[in-house]
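Trainee: Knowing the structure of chain D, use the given hints to seat chain L on it.
2 protein chains.
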Amino acid sequence: MSVPSKTQKPFLQALAGETLSPPPVWLMRQAGRYLPEYRATREEAGGFLDLCYTPKLAVEVTLQPLRRYAFDAAILFSDILVVPNAIGRQVAFKQGEGPVLDPLTSRADVEALEPGKLRERLGPVFETVRGLASAIPSTTALIGFAGAPWTVATYMLEGGSSKDFSVAKSWVYSRPDDFAALMEVLIGATTDYLIAQIDAGAEAIQIFDTWAGVLPETEFHRWVIEPIGRITRALHEQRPGVPVIGFPKGAGVLYETFIRETGVDGVGLDASVPLAWAAKTLQPLCTVQGNMDPLLLVEGGPLMEQAVKRLLDTLGHGPFIFNLGHGIVPQTPPENVSRLIDLVRAPR
Amino acid sequence: MSVPSKTQKPFLQALAGETLSPPPVWLMRQAGRYLPEYRATREEAGGFLDLCYTPKLAVEVTLQPLRRYAFDAAILFSDILVVPNAIGRQVAFKQGEGPVLDPLTSRADVEALEPGKLRERLGPVFETVRGLASAIPSTTALIGFAGAPWTVATYMLEGGSSKDFSVAKSWVYSRPDDFAALMEVLIGATTDYLIAQIDAGAEAIQIFDTWAGVLPETEFHRWVIEPIGRITRALHEQRPGVPVIGFPKGAGVLYETFIRETGVDGVGLDASVPLAWAAKTLQPLCTVQGNMDPLLLVEGGPLMEQAVKRLLDTLGHGPFIFNLGHGIVPQTPPENVSRLIDLVRAPR
Chain D
0 MSVPSKTQKP FLQALAGETL SPPPVWLMRQ AGRYLPEYRA TREEAGGFLD
50 LCYTPKLAVE VTLQPLRRYA FDAAILFSDI LVVPNAIGRQ VAFKQGEGPV
100 LDPLTSRADV EALEPGKLRE RLGPVFETVR GLASAIPSTT ALIGFAGAPW
150 TVATYMLEGG SSKDFSVAKS WVYSRPDDFA ALMEVLIGAT TDYLIAQIDA
200 GAEAIQIFDT WAGVLPETEF HRWVIEPIGR ITRALHEQRP GVPVIGFPKG
250 AGVLYETFIR ETGVDGVGLD ASVPLAWAAK TLQPLCTVQG NMDPLLLVEG
300 GPLMEQAVKR LLDTLGHGPF IFNLGHGIVP QTPPENVSRL IDLVRAPR
Chain L
0 MSVPSKTQKP FLQALAGETL SPPPVWLMRQ AGRYLPEYRA TREEAGGFLD
50 LCYTPKLAVE VTLQPLRRYA FDAAILFSDI LVVPNAIGRQ VAFKQGEGPV
100 LDPLTSRADV EALEPGKLRE RLGPVFETVR GLASAIPSTT ALIGFAGAPW
150 TVATYMLEGG SSKDFSVAKS WVYSRPDDFA ALMEVLIGAT TDYLIAQIDA
200 GAEAIQIFDT WAGVLPETEF HRWVIEPIGR ITRALHEQRP GVPVIGFPKG
250 AGVLYETFIR ETGVDGVGLD ASVPLAWAAK TLQPLCTVQG NMDPLLLVEG
300 GPLMEQAVKR LLDTLGHGPF IFNLGHGIVP QTPPENVSRL IDLVRAPR
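In order, the protein sequence lines correspond to chains D and L. According to numbering that gives the first Met the number 0, the residues represented by the first sequence are 0 to 347, in order. According to numbering that gives the first Met the number 0, the residues represented by the second sequence are 0 to 347, in order.
Do not take every clue at face value.
Claimed, not checked - The following label-pair restraints were derived from C-beta to C-beta distances:
1. D:Pro301 to L:Thr104: 21 to 27 Å
2. L:Gly46 to D:Gln89: 34 to 40 Å
3. L:Pro333 to D:Glu260: 34 to 40 Å
4. L:Ala180 to D:Ser20: 38 to 44 Å
5. L:Pro283 to D:Ser337: 46 to 52 Å
6. L:Glu304 to D:Pro332: 51 to 57 Å
7. D:Ala134 to L:Gly46: 54 to 60 Å
Derived by calculation from the structure, the hints in this document are not laboratory data. Remember, predicted model here, so these are calculated numbers, not experimental data. By construction, the Cβ of each residue, glycine as well, lies at the ideal position given by its N, Cα and C atoms.
The shape of chain D in the complex, shown without the other chains (with noise of 0.2 Å):
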């Protein structure tokens, strides 16, 4: 296999902090139902888990948006959620209501978790790796990516999505050592999926932390900065040269002290993020990547245009990755992507 080199990659270059006029550009969740050729090849894998356990139907899906759009980067199709399952818990995605786990309720649970099978149940996600590193066109990153452990904690503990997320606090505060101890087998099987995924061909990981924004300061700096800053740092040491995005969802104000504490290479925006700020606090320390409403991919036409300038304007200056603040909608037209890279990548 041959391995093109960094500088041939827009997206590897920007999360080495050089400013590239256009920024390189995908979008967060970009093989998705809005293609309708990813809902064809969704109903022949059968369920979803099955589609992310293919290798040969991961990679068609990985791809298909890059046949129709240049993107700058391909992620690994995949789910955060394949991590609890491969230490040995029940998930299972029903059409329409989101992922439904088998919630672990005590600390004989969190014992019986076994990260050690994880390489070898996973195994079919490295593969799907392998596939893409040498399918993907030369000048595209591949992404691999994992869940950062307080939003996988969180399914694991709720059995699902939450509201509230109650019961992952009651963890959190009543049962600090349980919580605790649950934390440390995801931190190392976290590490031990993404250098797996890097083994395999990924050129750079991002870690999603969905729900970041639902802690208070004290459980953010040890449950969401602590965490991703320890695999940011083994994986920087073992595999060096490897970037790694952190995504804080609803971080606010504590984005600063994330970017800082973590040592990201790039940081993910969520769509609230104010970007005159983003430009003055945050790009100073390392790439920042986003973060357009999705909903504007929807709509498409001028707000689009303006909402694309403005991110230009303001964050063009500086190392920047062009992204969405969340993944792409269902509902997304297609040729509103096109438009959407042809403005991007449009002479300024």
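Mentor: What follows is chain L alone, placed relative to chain D:
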């Protein structure tokens, strides 16, 4: 009715900019399901809206927490969705499901709203306020409230709670004129509603913008800051001396701009706001209120003790009202509320 002077009420002193030790304390949703006497009265009332619209029962549930705890403020028992209900929309509360509304689908639906009927239809709410004004202890302040136009609009457009606010945002982005027309109605109706609460005896107003945090910066300015600013200025002009607290939940970095541009007297901080930043950036601008995680009140014990101490140490040196970062949750042990108040009031 003898009106106690403002100087007898610590809550109003704090909102006037005084630093009090101990600070005043009340809790969002302090009249609620965690109290057995509330559950009994609600059962007696039948439906949730029947409880809101029956002054005798609404007064009773508002007073229930005051009989147990010496809170510095009572908040009118009602719901933010009485406003859409009063201007002509169906609203229902189904046990365990959250609110259900018949969603607005057209400009004609907006034109058909009946803001002129609000005062008559919400007569029972104003009667409740009058009953409370003469019933609460002389050092307790009476807070009136409303939902902010953006948050109320999301319920009217989505037909209830939402995951991604795609319907509300499709109005914001794709039908800006129709959305603006709806917001005009809500700004007017909300102002009218709050003035009538003040005339009935409310001594301070809180405006709840629960879903402020899902809007990008540009839309946050237009649909959170501008409407709340207009309502705040109208109240200040027409009923001078009645302080207004804004609660733009999830505003993150934009809390600062929110305070500067709305002119609120106080700001409610959600549980994610870091305290040192709030003390340095927000407290010089107005009185701050918040922000203990409601789940810590479920836990109680030493962790809650530490959280209270941190809040008092950080925000207690300026104008401050102790509160939670969100409403009390039903599983809260009532004895933890007693303990919390003792901690806040302990000599320091």
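Trainee: Decide, hint by hint, whether the structure agrees.
Mentor: A quick look at each hint next to the structure:
1. D:Pro301 to L:Thr104: 21 to 27 Å: holds (24 Å)
2. L:Gly46 to D:Gln89: 34 to 40 Å: holds (38 Å)
3. L:Pro333 to D:Glu260: 34 to 40 Å: holds (38 Å)
4. L:Ala180 to D:Ser20: 38 to 44 Å: At roughly 41 Å between Cβ atoms, serine 20 of chain D and alanine 180 of chain L fall inside 38 to 44 Å, so the hint holds.
5. L:Pro283 to D:Ser337: 46 to 52 Å: Holds - the Cβ-Cβ distance for proline 283 of chain L and serine 337 of chain D, about 48 Å, lies within 46 to 52 Å.
6. L:Glu304 to D:Pro332: 51 to 57 Å: Since glutamate 304 of chain L and proline 332 of chain D have Cβ atoms about 54 Å apart, the given range 51 to 57 Å holds.
7. D:Ala134 to L:Gly46: 54 to 60 Å: For glycine 46 of chain L against alanine 134 of chain D, whose Cβ atoms are near 59 Å apart, the range 54 to 60 Å holds.
Going down the numbered hints, you'll see the structure goes against none, and every one checks out.
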